[in-house]
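Q: Listed here are the chains, written in short residue letters.
There are 2 protein chains.
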Amino acid sequence: MNQAGSGADRETRSAGDFPDCLLQPQKRLQQLILARIEVLRPDSLHRAVVAATSGGKRLRPSLAMWFGDALGVPAEAIEPIACLTEWLHSAFLIHDDIQDGDQWRRDRESLWKSHGVPTALNAADWLLSAVYEEVTRIEVDENCRAWLLRSVQDVHRRTVVGQQLDLDGRGDPAFNLSCYEQAVQAKTGRYLALGMVASAIVAGLDEETIDSLWRVGDQLGPAFQIQDDLLDMTRSKGRAGEVGNDIREGKPSILYAHALEEGDLSVSECDRLVEVMARDRAQTSDQDVGWVIDLFDRCGSVEFARQQARTRAQEGIRLFKETPGMSSEVCDQFASIARFAVERNR
Amino acid sequence: MNQAGSGADRETRSAGDFPDCLLQPQKRLQQLILARIEVLRPDSLHRAVVAATSGGKRLRPSLAMWFGDALGVPAEAIEPIACLTEWLHSAFLIHDDIQDGDQWRRDRESLWKSHGVPTALNAADWLLSAVYEEVTRIEVDENCRAWLLRSVQDVHRRTVVGQQLDLDGRGDPAFNLSCYEQAVQAKTGRYLALGMVASAIVAGLDEETIDSLWRVGDQLGPAFQIQDDLLDMTRSKGRAGEVGNDIREGKPSILYAHALEEGDLSVSECDRLVEVMARDRAQTSDQDVGWVIDLFDRCGSVEFARQQARTRAQEGIRLFKETPGMSSEVCDQFASIARFAVERNR
Numbered sequence: 001m002n003q004a005g006s007g008a009d010r011e012t013r014s015a016g017d018f019p020d021c022l023l024q025p026q027k028r029l030q031q032l033i034l035a036r037i038e039v040l041r042p043d044s045l046h047r048a049v050v051a052a053t054s055g056g057k058r059l060r061p062s063l064a065m066w067f068g069d070a071l072g073v074p075a076e077a078i079e080p081i082a083c084l085t086e087w088l089h090s091a092f093l094i095h096d097d098i099q100d101g102d103q104w105r106r107d108r109e110s111l112w113k114s115h116g117v118p119t120a121l122n123a124a125d126w127l128l129s130a131v132y133e134e135v136t137r138i139e140v141d142e143n144c145r146a147w148l149l150r151s152v153q154d155v156h157r158r159t160v161v162g163q164q165l166d167l168d169g170r171g172d173p174a175f176n177l178s179c180y181e182q183a184v185q186a187k188t189g190r191y192l193a194l195g196m197v198a199s200a201i202v203a204g205l206d207e208e209t210i211d212s213l214w215r216v217g218d219q220l221g222p223a224f225q226i227q228d229d230l231l232d233m234t235r236s237k238g239r240a241g242e243v244g245n246d247i248r249e250g251k252p253s254i255l256y257a258h259a260l261e262e263g264d265l266s267v268s269e270c271d272r273l274v275e276v277m278a279r280d281r282a283q284t285s286d287q288d289v290g291w292v293i294d295l296f297d298r299c300g301s302v303e304f305a306r307q308q309a310r311t312r313a314q315e316g317i318r319l320f321k322e323t324p325g326m327s328s329e330v331c332d333q334f335a336s337i338a339r340f341a342v343e344r345n346r
Numbered sequence: 001m002n003q004a005g006s007g008a009d010r011e012t013r014s015a016g017d018f019p020d021c022l023l024q025p026q027k028r029l030q031q032l033i034l035a036r037i038e039v040l041r042p043d044s045l046h047r048a049v050v051a052a053t054s055g056g057k058r059l060r061p062s063l064a065m066w067f068g069d070a071l072g073v074p075a076e077a078i079e080p081i082a083c084l085t086e087w088l089h090s091a092f093l094i095h096d097d098i099q100d101g102d103q104w105r106r107d108r109e110s111l112w113k114s115h116g117v118p119t120a121l122n123a124a125d126w127l128l129s130a131v132y133e134e135v136t137r138i139e140v141d142e143n144c145r146a147w148l149l150r151s152v153q154d155v156h157r158r159t160v161v162g163q164q165l166d167l168d169g170r171g172d173p174a175f176n177l178s179c180y181e182q183a184v185q186a187k188t189g190r191y192l193a194l195g196m197v198a199s200a201i202v203a204g205l206d207e208e209t210i211d212s213l214w215r216v217g218d219q220l221g222p223a224f225q226i227q228d229d230l231l232d233m234t235r236s237k238g239r240a241g242e243v244g245n246d247i248r249e250g251k252p253s254i255l256y257a258h259a260l261e262e263g264d265l266s267v268s269e270c271d272r273l274v275e276v277m278a279r280d281r282a283q284t285s286d287q288d289v290g291w292v293i294d295l296f297d298r299c300g301s302v303e304f305a306r307q308q309a310r311t312r313a314q315e316g317i318r319l320f321k322e323t324p325g326m327s328s329e330v331c332d333q334f335a336s337i338a339r340f341a342v343e344r345n346r
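These protein sequences, in sequence, are chains A and B.
For the first sequence, the numbering used here gives the first residue as 1, with consecutive numbering after it.
For the second sequence, the numbering used here gives the first residue as 1, with consecutive numbering after it.
In isolation and in its complexed conformation, chain A is listed as follows (with noise of 0.2 Å):
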């Protein structure tokens, strides 16, 4: 069981603390994903979908299984949905990791490192054409079907235009933060929202309600990147304890973007960040490193993105509310969620 499930066994639970009412989907998927991965052959790849899709805090797959239960959607239809948005997540994870050229995910070596980079290509591969078997498998009727094949490789398709716009801003000395909510948008902002989606695709509620739906998600998936990015700068993102990695592989994160147009840098100051952040990351030094976080803080990158992590999750919050058909207590666990996405410590 990982370290967000345990928080159940507290005594009083925190905004920082893995959702109460995520915590029966987790559940729930840790026995179906590994039902879902046991047929597959050869072992090679079976055993690197496993390592692949452990670990993690399963918050897409739990939050799709939650919203089809609060819709009334039945087993059938919501299990292919949460898996498809588990499997799209692992297989960019893995693609992601080897872009980055990074050891570490979820405390244990990235998939590229355990398992050898063909490997790890073939297991990604794998786990994408899962994604659109798992919408073959959707007991719906074929209009419904057609619907969610096109909202599922739309935001396949959004999320590789946002990790080119990510790799294009890595030392970029023209990046800003108009460039980073292009990118940011395209890359996490329908993505977390997929699975609420298909559920209430598959419930049959109307186009303006996904509509609505598609903008809770603009809101939170960036204002969980954000928190990602704050994560990163502490000892508790996965990486067996290594601060910065972001800093170290250039990633144009909203800190940057902030710290280039906003931070009224010196002009040495700002090279120097530009050129640490376009660095091999095995030049990187743990220095430069220290140098960057404390530029950051200094001015005041740290606070504003704290302040939109914050500001974007309250605008999910209200957003979700003013969505036709929500009950309050469906609002109320909503916002539970969205305070966890920017309140978690890990």
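In short, the hints are calculated from the structure, not lab data.
Don't take each hint at face value.
To be verified - List of simulated lysine-lysine pairs, DSS-like, C-alpha gap at most 25 Å: (1) B:K57 x B:K27; (2) A:K57 x A:K27; (3) A:K27 x A:K251; (4) A:K113 x B:K113; (5) A:K113 x A:K251; (6) B:K27 x B:K113; (7) A:K251 x B:K113; (8) A:K113 x B:K251; (9) B:K57 x B:K251.
A quick note: this is a predicted structure, and the numbers were derived from the prediction, not measured.
On the provided structure of chain A, position chain B as indicated by the hints.
A: Just chain B, lined up with the frame of chain A:
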């Protein structure tokens, strides 16, 4: 215009030239594919996808288009089908080259070499998303689209499994013809037939006919692959004149399987063969490659592979002729395509 297309200008054409019936589809595809990609942004992703989809024979989409035309399928349905076969093939080639460390593809630098691994991975991810976007575009009723989705996803999944069997066989002393058969069927069997099958689904042909077309692919796909393995031992495979790339990367080809199982090798020959195939490509000398090619020739593996390619092509032609509803003109054209698959010299 590539080599294959220019064959049309010669006075006499041989079975090794790109088939006449595919020349018109090949030409139409050139424009169609560029138009499809044109909208892609950011520019860095656009450039990578253009590079990834340039210069090939476009056999798979040409086959889809030729067969769709023959069945009277309208262009609005054929074009997405043809494109999706090209996107799927291009995505796999990108991953294949990264997995194998191949520096050359179609006489140019492979994508990871020219654009870097991170962007190459993104290009492949975009192409895979585009495969499924094409499924959403095909103008058919939704029951038909669901069948198409199942077929595309099944080919995607099987190909990944085949690729893993292929990776597992590298430098494996126990690799034999039965292992080879399992890997090649999974990796290439359904893959080559996908465009024909999809056209047949849209044309409303029955399940028996569709099954028959899959079985045609089960013969033609491996025939095509075996010819590829034979060409790899010549200078004409699009790797800037390099010979024996498959040997350098330890690929478990039909030649390797035959030599180990039926080649009547001495213990020292067997040990050396496995050792060369298992060795890192940077440590494999031209002399090693020459020795393996000579061994494959001496122990009858080259002749066995040639015979296998021809037999499977003939069997594919026979099965195609037995498929209900195929005119004699279409059967003749298919026969010219099958002969091309095994008599082409690049």
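Q: What hints, given by number in increasing order, does this structure fail?
A: 3, 6
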